[in-house]
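Under full-length UniProt numbering, residues 1 to 336 are what the sequence shown spells out, in order.
Since the hints were derived computationally from the structure, they do not count as laboratory data. Ideal placement from N, C-alpha and C gives every residue a C-beta, glycine not left out. Treat the hints with care, since some could be wrong.
DEER-style ranges, computed between Cβ atoms [what the hints assert, rightly or not]: (1) H175 / R295: 42 to 50 Å; (2) G136 / G256: 47 to 55 Å; (3) R326 / T291: 23 to 31 Å; (4) G256 / G200: 43 to 51 Å; (5) D148 / G95: 48 to 56 Å; (6) R137 / G257: 31 to 39 Å; (7) R137 / G24: 49 to 57 Å; (8) G314 / G257: 39 to 47 Å; (9) V289 / D42: 35 to 43 Å; (10) L150 / R182: 46 to 54 Å; (11) G95 / R220: 47 to 55 Å; (12) G23 / A258: 22 to 30 Å; (13) A135 / G95: 53 to 61 Å.
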Amino acid sequence: MRVLVTGGAGFIGSHVVEALRAGGHEPVVFDARAARGAGGGDVRDRDAVSAALSGVDAVCHQAAMVGLGKGVADAAEYVSHNDLGTAVLLAAMAGAGVRRLVLAGSMVVYGEGRYSCARHGGVRPGPRSAADLAAGRFEPRCPSCDADLLPGLVGEDAPADPRNVYATTKLAQEHLAAAWARSTDGTAVSLRYHNVYGPGMPRDTPYAGVASFFRSALARGEAPRVFEDGGQRRDFVHVRDVAAANAAALEADTAGGALTAYNVGSGEPHTVGEMARALADAYGGPEPVVTGEFRLGDVRHITADSSRLRTELGWKPGVGFLEGMREFAVARLRGE
1 MRVLVTGGAG FIGSHVVEAL RAGGHEPVVF DARAARGAGG GDVRDRDAVS
51 AALSGVDAVC HQAAMVGLGK GVADAAEYVS HNDLGTAVLL AAMAGAGVRR
101 LVLAGSMVVY GEGRYSCARH GGVRPGPRSA ADLAAGRFEP RCPSCDADLL
151 PGLVGEDAPA DPRNVYATTK LAQEHLAAAW ARSTDGTAVS LRYHNVYGPG
201 MPRDTPYAGV ASFFRSALAR GEAPRVFEDG GQRRDFVHVR DVAAANAAAL
251 EADTAGGALT AYNVGSGEPH TVGEMARALA DAYGGPEPVV TGEFRLGDVR
301 HITADSSRLR TELGWKPGVG FLEGMREFAV ARLRGE
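Model the full structure from these sequences, guided by the hints.
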């Protein structure tokens with residue numbers, strides 16, 4: 001297939017381009033960071049997008065404004081880049097007759113992860129309060145009995161509960177893609193990435209949680225600073241595995257007329273503290289320091305159940321946690 005990759009010059013997008021090329025496809029890069037005439041263009045520019053879609057069979061939509069988006073000051077920019085940009089792309093795809101889309105989704109649409117209470121079963125705790133966090137009470141409590149909760153894996157059918165502006169725009173992208181699929185009988189897949197890391201990641205970016213910040217600190221000879229108590233659970237998935245998931249989704253015989261969501265995670269939950277120690281050990285740098293600091297709006301535990309992706313598309317991760325951290329410790333980051 002000839003595949004338009006929006007954001008194809010970015011961290012994940014560039015790996016998607018490599019994976020598609022290795023699979024015998026013809027990737028076409030469309031990215032605001034690329035030089036004019038070499039795949040450069042803003043996804044909000046209808047004319048530029050329409051021109052880029054000429055002769056294209058499918059689209060991998062990776063372009064997005066990323067980050068925490070926890071305030072409202074930048075809300076208009078997030079909505080413009082992520083939601084307006086997606087709407088412009090989908091409208092141009094409808095006009096061009098392109099009926100296959102793979103969207104870079106995100107686990108942030110879930111908010112907090114899945115929890116169970118010994119007394120009340122499955123529960124969904126609300127946002128943690130500033131008072132609890134300041135007092136070092138980091139674990140969410142049962143909203144019915146205030147008991148300790150057991151974190152579990154989040155499936156694609158879990159209710160959405162975006163907790164910040166960025167998360168809200170990622171959920172809106174899925175709704176737009178679903179509406180496009182229904183109106184065009186197109187095939188739409190949202191790959192809900194968990195914490196992606198790997199070679200080529202921009203330095204000092206919040207996109208992959210804290211992996212980039214820890215790696216940048218080690219490069220400066222400083223100890224990684226671990227917020228809260230380091231017990232936050234995440235699923236760190238290697239960027240090459242994410243790229244392989246995109247290729248699998250493009251090649252899948254997925255039903256048209258609806259959007260299908262797939263979690264993309266390693267299946268190996270680890271705490272942020274474990275990740276910091278593994279990265280510091282691999283780098284040979286200072287041991288991490290647990291600071292007790294916190295960011296209001298952060299979720300405590302969010303880890304994926306990626307069994308649907310494995311079962312339906314035959315995908316499986318190929319890079320283990322320790323192997324990936326050893327590679328990431330010495331990989332070059334963008335901006336270094």
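Hints, verified against the model:
Range check, H175 to R295: Cβ separation about 27 Å, and the 42 to 50 Å hint is violated. In this structure, G136 and G256 meet the distance hint of 47 to 55 Å, their C-beta atoms being roughly 51 Å apart. Look at R326 against T291: about 25 Å separates their beta carbons, and that is inside 23 to 31 Å. With their beta carbons about 33 Å apart, G256 and G200 fall outside the hinted range of 43 to 51 Å.
As the Cβ distance of D148 to G95 is approximately 54 Å, the hint placing it in 48 to 56 Å holds. As the Cβ distance of R137 to G257 is approximately 46 Å, the hint placing it in 31 to 39 Å is violated. In this structure, R137 and G24 meet the distance hint of 49 to 57 Å, their C-beta atoms being roughly 53 Å apart. At roughly 23 Å, the beta-carbon separation of G314 and G257 lies outside the given 39 to 47 Å, and the hint is violated.
Hint check: V289 to D42, Cβ distance near 41 Å, so the stated range 35 to 43 Å holds. The given range of 46 to 54 Å is broken by L150 and R182, whose C-beta atoms sit roughly 38 Å from each other. Separation of G95 from R220 is about 49 Å and conforms to the stated range, judged on CB atoms against 47 to 55 Å. At roughly 25 Å, the beta carbons of G23 and A258 sit within the given window of 22 to 30 Å.
The beta-carbon spacing between A135 and G95, approximately 55 Å, falls within the hinted interval of 53 to 61 Å.
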